[in-house]
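Spelled out, the chains give:
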Amino acid sequence: DTAVSQTPKYLVTQMGNDKSIKCEQNLGHDTMYWYKQDSKKFLKIMFSYNNKELIINETVPNRFSPKSPDKAHLNLHINSLELGDSAVYFCASSQEGPGTGAYEQYFGPGTRLTVT
Amino acid sequence: QKEVEQNSGPLSVPEGAIASLNCTYSDRVSQSFFWYRQYSGKSPELIMSIYSNGDKEDGRFTAQLNKASQYVSLLIRDSQPSDSATYLCAVNPLGPGGGNKLTFGTGTQLKVEL
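Those protein sequence lines, which keep their order, are chains A and B. Last residue of the first sequence: number 118 in the working numbering, and the count goes up by one each step with no gaps. Last residue of the second sequence: number 981 in the working numbering, and the count goes up by one each step with no gaps.
Hints in this document: simulated from the structure, not taken from any laboratory. Keep in mind that a hint or two might mislead.
What the hints assert, rightly or not - Mimicking SDA-like on lysine to any residue, the simulated pairs with C-alpha atoms at most 20 Å apart in a straight line are:
1) A:Lys-46 with B:Lys-923
2) A:Lys-38 with B:Gln-905
3) A:Lys-46 with B:Gly-921
4) B:Lys-934 with B:Ser-949
5) A:Lys-38 with B:Gly-921
6) B:Lys-968 with A:Thr-118
7) A:Lys-38 with B:Lys-968
Stated by the list, open to error - Here are some, though not all, of the chain B residues that point toward chain A, as calculated from beta-carbon distances under 8 Å:
8) Val-896
9) Ser-897
10) Leu-913
11) Ser-949
12) Ser-951
13) Asn-959
14) Lys-968
15) Phe-971
16) Thr-973
17) Gly-974
Virtual Cβ for every residue (Gly too), placed ideally from N, Cα, C.
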């Protein structure tokens with residue numbers, strides 16, 4: 003199936019730990035994103051990569067470090083986890099440029115992170 | 868002022884009725900507008916995109932855009948219980964070529980009652 007996939011689906015960890023979330027898309031898109039959805043369901047962009055280049059960085063603490071090894075993958079590493087990091091993290095992808103479906107973002111299933 | 872505003876609801880409509888969801892945005896240069904549906908515990912699912920003033924229809928869904936009034940809406944005809952979800956309005960304030968930073972509203976919860 004063509005889709006955006008994320009692993010793991012659930013992540014429970016203690017404060018102070020370091021964790022990573024992985025994302026892969028097989029839609030052939032050239033831009034990938036990380037979003038955070040908080041407990042009030044507000045969805046906010048964190049980062050965006052276009053062809054492995056960081057293009058959007060939304061004043062996210064530097065404990066969060068995205069990495070894009072190629073345009074089909076975007077990972078998110080979080081250092082020194084805090085209680086406030088508990089949220090659902092969504093990966094998304096889109097195809098830039100003109101044409102049908104341009105700029106439409108497609109979301110992965112999400113990773114529910116719980117920090118205790 | 869919030870960048871993208873939606874009434875949080877819940878909006879309750881009877882089965883078979885038309886559901887009307889509204890969204891206003893603050894940045895006049897916004898060029899791209901999207902409606903996502905999100906079921907509880909699931910990811911946002913794109914259902915409509917609209918870029919030009921006027922109406923765009925896709926099956927039971929119609930998106931309406933009025934850039935002068937900074938207003939975008941979603942109409943769902945013949946509402947079904949399976950349409951019960953939270954509907955998120957998303958706006959690209961930078962426009963094509965300026966990066967694809969979507970700003971989301973807080974969503975409107977729709978309940979379709981039997």
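How the hints compare with the structure:
no.	hint	verdict
1	A:Lys-46 with B:Lys-923	26 Å, violated
2	A:Lys-38 with B:Gln-905	14 Å, holds
3	A:Lys-46 with B:Gly-921	28 Å, violated
4	B:Lys-934 with B:Ser-949	31 Å, violated
5	A:Lys-38 with B:Gly-921	32 Å, violated
6	B:Lys-968 with A:Thr-118	31 Å, violated
7	A:Lys-38 with B:Lys-968	14 Å, holds
8	Val-896	15 Å, violated
9	Ser-897	12 Å, violated
10	Leu-913	6 Å, holds
11	Ser-949	19 Å, violated
12	Ser-951	15 Å, violated
13	Asn-959	6 Å, holds
14	Lys-968	5 Å, holds
15	Phe-971	4 Å, holds
16	Thr-973	6 Å, holds
17	Gly-974	6 Å, holds
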